[in-house]
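So the chains spell out like this:
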Amino acid sequence: MNKNGAAERENSTWQPKIVAFLCNWCSYAGADLAGVSRLKYPANVRIIRVPCSSRVNPQFILRAFQRGADGVLVAGCHPGDCHYVTGNYFTRRRLMLFKRLLEFTGFAPERLKVRWVSAAEGGRFAETIKEMVEELRDLGPNRVMREEK
Amino acid sequence: MKEITESLRREAARLLNEGVELFIGYAAGTRPACARPFFVTKPEEVTGLVFDPFCVPNLVKYILRHADKKVAVVVKGCDRAAVDRLVAERHLDRARITLVGVPCGGMLARERVLAELGPNPRIEAVEDRGPSFVLRVRGEERTFEKRKFLMEKCLGCTRNNPAGVDVMVGKEAPPVADPEYDPLKEIRAIEALPAAERAAFWEKVFGRCLRCYACREVCPACSCTECTFEQAVPGWQQGATWISKAKSLPDNYHYHLIRAFHVAGRCAGCAECERVCPVGIPLMLLNRKLAADIASLFGETEEDPCGALCVYSLADPDEFE
Ligand code: SF4
Ligand code: SF4
Ligand code: SF4
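Heads up: the protein sequence lines correspond to chains A and D, in order.
Straight run, no breaks: the first sequence in the working numbering ends on number 726.
Straight run, no breaks: the second sequence in the working numbering ends on number 636.
Derived by calculation from the structure, the hints in this document are not laboratory data.
Only pairs whose alpha carbons sit at most 20 Å apart, straight line, appear in this in silico DMTMM-like list of lysine to aspartate or glutamate:
1) D:519 - A:724
2) D:317 - D:360
3) D:317 - D:487
4) D:468 - D:497
5) A:594 - A:711
6) D:463 - D:426
7) D:486 - D:442
8) D:385 - D:360
9) D:357 - D:333
10) D:519 - A:680
11) D:500 - A:680
12) D:385 - D:359
13) D:560 - A:724
14) A:707 - D:636
15) D:468 - D:426
16) A:617 - A:711
17) D:500 - D:589
18) D:562 - A:724
Taking CB as the label site, the calculated pair distances span:
19) A:592 - D:494: 52 to 62 Å
20) D:626 - A:637: 19 to 29 Å
21) D:621 - A:661: 17 to 27 Å
22) A:720 - D:633: 27 to 37 Å
23) D:631 - A:614: 29 to 39 Å
24) A:626 - D:481: 51 to 61 Å
25) D:497 - A:644: 32 to 42 Å
26) D:497 - A:660: 36 to 46 Å
27) D:474 - A:658: 35 to 45 Å
Even for Gly, the Cβ is constructed at its ideal location relative to N, Cα and C.
Please work from the sequences and hints to get the whole structure.
Here is the structure:
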């Protein structure tokens, strides 16, 4: 974390931005459930609905970081519950590796979170966002790949 | 080295007489301690062919440009893996190409050799003496110990006698790998850095990249006909392309992380990407890191022709909650 980050974090107007890629069949429905159940969670998240978590090309994640996201969440159905049967197994392999690559090249691993959230787990979705916001507040703004520095 | 060169020329002449239309090998380069790709189409041209520890370029990707001909190509052990890659991805038809294997005593790191010899040395002969190469320079013999002067990829090489080739020239070469060499040493050192220093290290490295794409052009695993970094889209859609043509640090990060990830599980480990980089970006650090992670996370036995990321296993670690 650089000096700028610390300054910006102390500046009370800074709010972490999270881009969440949610699988249509489980996690998006889970987020929806959090909404209709009126669960409270921080409004720092922008949701992008994808057909399957395996649709999330790692380039989506980098692009989000480049365009100002401080954290990225990829959420899909629990392994074994994929609507397309095997999609999230590919996600798991791919993102396990990609996360390590990000960390190796200087990203804080907390900035990319992968979570399995089913359609019934509205509470889990709200918790995940809460958790991420807290972690990102500690980390400060992402500056590694940001385009407008 | 003389025997290999001679039998290479003999084999080349024979193949060209037997109907091979193009023989791709090496000729002495225009600079000292350097070889260049050499394209032979007539038997009388084979006298230009050489093989010595400066024949570093991987010639396999050139076959792609001559897919309509009957081609024979010279391969070292590490180049051989690139053939498998391109065949598995159906860019090459193995039945149409003749692989001419050369026993390899390792490749010398040109910069280090030249630093020893001084500018513009005239290298008259090269001899492989097992643990060292002996170069004759102006009548004088200079010994280059392999452990100190080989390219890094050779220090860990276990395949210097290419397997599964159609023609093998020369005698089998003794192993070149240095038993003390640890390919992960540098990677572990970077991993052990505090996060901020690690970030600073890569920022410096990636900041240097010119995005000339030489590393992509030379890579046998980068075989897509259209590259994600250069989509053919009309001007008004340029904003929709993944990265801009302009060189910027965020786009350099994007390029390197994705390039490395696209070859993850498919990289042949030939180190050509790193060799051709004009600004010395240590690309093999990324390639080797990914290969090591794949091996430790998904097991070394994963032998899918399309690479470790095209398959999955129910037994993969479930580290995401
Ligand atoms: S890696 Fe092996 S086959 Fe390739 S040049 Fe080095 S010693 Fe030869
Ligand atoms: S060859 Fe080097 S400078 Fe060129 S794009 Fe690759 S890493 Fe960048
Ligand atoms: S990434 Fe580099 S080492 Fe791997 S196959 Fe491509 S050129 Fe060879």
